[in-house]
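Chemist: The primary structure of each chain is shown beneath.
2 protein chains.
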Amino acid sequence: MRALSAKYENKNVLVVGGNGSDCRFVAEHYGFKHIVTPEEVHAVQPFKYLQNVHRPVEAIMVFHDSVDWGRDLQVILDALISQDGRLNTIKSQAELHTTKQSVPVYFSNSDMVWSNEHPNPRFAQGTFRSCLERIYKDVTGHDLEYTLFGKPMTTTYQYAESVLDNLAPIHKGHDGMPQPRTVYAIGDNPYADIAGANGYGWKSVLVRTGVFKPEGDENHHTHPATAVVDDVEDAVRWIISTELRKEHPF
Amino acid sequence: MRALSAKYENKNVLVVGGNGSDCRFVAEHYGFKHIVTPEEVHAVQPFKYLQNVHRPVEAIMVFHDSVDWGRDLQVILDALISQDGRLNTIKSQAELHTTKQSVPVYFSNSDMVWSNEHPNPRFAQGTFRSCLERIYKDVTGHDLEYTLFGKPMTTTYQYAESVLDNLAPIHKGHDGMPQPRTVYAIGDNPYADIAGANGYGWKSVLVRTGVFKPEGDENHHTHPATAVVDDVEDAVRWIISTELRKEHPF
Chain A
4 MRALSAKYEN
14 KNVLVVGGNG
24 SDCRFVAEHY
34 GFKHIVTPEE
44 VHAVQPFKYL
54 QNVHRPVEAI
64 MVFHDSVDWG
74 RDLQVILDAL
84 ISQDGRLNTI
94 KSQAELHTTK
104 QSVPVYFSNS
114 DMVWSNEHPN
124 PRFAQGTFRS
134 CLERIYKDVT
144 GHDLEYTLFG
154 KPMTTTYQYA
164 ESVLDNLAPI
174 HKGHDGMPQP
184 RTVYAIGDNP
194 YADIAGANGY
204 GWKSVLVRTG
214 VFKPEGDENH
224 HTHPATAVVD
234 DVEDAVRWII
244 STELRKEHPF
Chain B
4 MRALSAKYEN
14 KNVLVVGGNG
24 SDCRFVAEHY
34 GFKHIVTPEE
44 VHAVQPFKYL
54 QNVHRPVEAI
64 MVFHDSVDWG
74 RDLQVILDAL
84 ISQDGRLNTI
94 KSQAELHTTK
104 QSVPVYFSNS
114 DMVWSNEHPN
124 PRFAQGTFRS
134 CLERIYKDVT
144 GHDLEYTLFG
154 KPMTTTYQYA
164 ESVLDNLAPI
174 HKGHDGMPQP
184 RTVYAIGDNP
194 YADIAGANGY
204 GWKSVLVRTG
214 VFKPEGDENH
224 HTHPATAVVD
234 DVEDAVRWII
244 STELRKEHPF
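Those protein sequences? They're chains A and B, same order as listed. The numbering of the first sequence is the working numbering, which starts it at 4 and goes up by one. The numbering of the second sequence is the working numbering, which starts it at 4 and goes up by one.
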């Protein structure tokens, strides 16, 4: 999202997700200057009109998991089907079906579920997005257009690589050539962590403590990891021993 | 929902919707004896397992609009994909795709949107249901099976008719035959109020103050009402004058 702050610096963005104003603060830190949150919109709704309260919404950015799905889905849809992002307006039925989506949408994460201590996986931002897609289709007949950031998107790995360049610069060997750098990504979600790492050419290590609950020794069928291990400690051990074997192959 | 209380009297039902324990009280009043709400489930989640805390969920009943969509969708899905309604369990991937839905679902209302002072229609229970359908399909590959009550369902009109029989008993004429009774239904939602009344053989009066916002004089295309009027007062005037014309046709 940080990379979008230049484009939207002087535009009004609807920032969705997180508790209270957490994501507003993050967005301000990224350089966005005109921010409105669903909570702020809701504070003057549903019983007051919004004329002159806010500037038109020019982009919708879901920074983090929504804590109030009903409210946030409603406010996002209001923007999507408005006349040019003006929240107090709505396109006519004919316009809804014939014109394009009013406002672009960005999501920071594509995971459908995540794991915590609960025995079942819990909904993540991808499931929220799925609901929005369904509602938008119900209302307009069109597929929602959106941009996904986060794993497994390439832009996310490019950004991570640039951070790594500072943390662990690529050394030159005795011959003056840059030495190869092996990056290992540890994760629990085959569709995000493993698919992303594999796709970007990193090594992937899949743990069994999270979303992925295999029976026995199996790897993930669609997105097989370089290695499957019990937990993060196991992953680190496996990575170190793999690297040591490189240096001392016998 | 009241009619279901006999069937589920001794079974555990998940009652969804409304603020706080409002719908729990309604369900108790209807005769349900074993009730759990998403709020109560959530109070012991996500960080505690539910073994022995609750009996298995044997039916899911959405009594009213959800006030916490994320929580309620999650808890409903947990029940739907559980092993026989036990909230701390989950079917295997293979079972999810090959076995039937664990628990039946009932909705009290099918409206997608409703109208209030806000310039745009607001989400109603039908939109919440649409999200649940999408998530259930994403997770299992199957269409959600559910039972709809409320307008425009026939059961709702049969129930209303039985209430009307007490309020406005059908009179017998001079010939001893029951006199015809005309019932007028006033509503703002073509898909619920007008479709329901038309389908049940009542007269329908569509107001322009709600969901239906026509351009000019037009009636609804899919569910045309007997009459289209400005508001409820207009509807009552139209009904009275129509009835008076019957008695004094000239």
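Quick caveat, the hints were computed from the structure, so don't treat them as lab data. Note that the structure is predicted; figures quoted are calculated from it, not measured. Each residue gets a CB set at the ideal place from its N, CA and C atoms; glycine is no exception. Hints may be right or wrong, so weigh each one.
[To be verified] Subject to a maximum C-alpha distance of 30 Å in a straight line, what follows is the list of computed DSSO-like cross-link-like pairs (lysine-lysine):
#1 Lys94(B) with Lys216(A)
#2 Lys140(A) with Lys216(B)
#3 Lys14(B) with Lys103(B)
#4 Lys216(A) with Lys140(B)
[Claimed, not checked] Heads up, incomplete: computed chain A residues facing chain B, CB under 7 Å, no partners named:
#5 Ile93
#6 Cys134
#7 Tyr149
#8 Leu247
Chemist: Take the C-alpha atoms of Lys14(B) and Lys103(B), compute the straight-line distance between them, and say whether it is at most 30 Å.
Modeler: Holds: Lys14(B) and Lys103(B) sit about 20 Å apart, inside 30 Å.
Chemist: Given the proposed pairing of Lys94(B) with Lys216(A), does the C-alpha separation stay at or below 30 Å?
Modeler: 12 Å, holds
Chemist: Against the 30 Å threshold, does the CA-CA distance of Lys140(A) and Lys216(B) hold or violate the hint?
Modeler: Answer holds: Lys140(A) to Lys216(B) is near 21 Å, not above 30 Å.
Chemist: Restraint: Ile93(A) near chain B, CB-CB cut 7 Å. Satisfied or not?
Modeler: 5 Å, holds
Chemist: Holds or violated: Leu247(A) as interface residue toward chain B, Cβ cutoff 7 Å?
Modeler: At about 36 Å, which exceeds the 7 Å cut-off, the nearest Cβ of chain B leaves the hint on Leu247(A) violated.
Chemist: Can you verify the interface hint for Tyr149(A): is its Cβ closer than 7 Å to any Cβ in chain B?
Modeler: 15 Å, violated
Chemist: Checking one constraint from the list: CA of Lys216(A) to CA of Lys140(B), max 30 Å. Satisfied?
Modeler: Roughly 21 Å between the alpha carbons, so the hint for Lys216(A) and Lys140(B) holds.
Chemist: Was the hint right that Cys134(A) lines chain B, CB cutoff 7 Å?
Modeler: Check passed: Cβ of Cys134(A) comes within 4 Å of chain B, closer than 7 Å.
Of the numbered hints stated above, those contradicted by the structure are hints 7 and 8, listed in ascending order.
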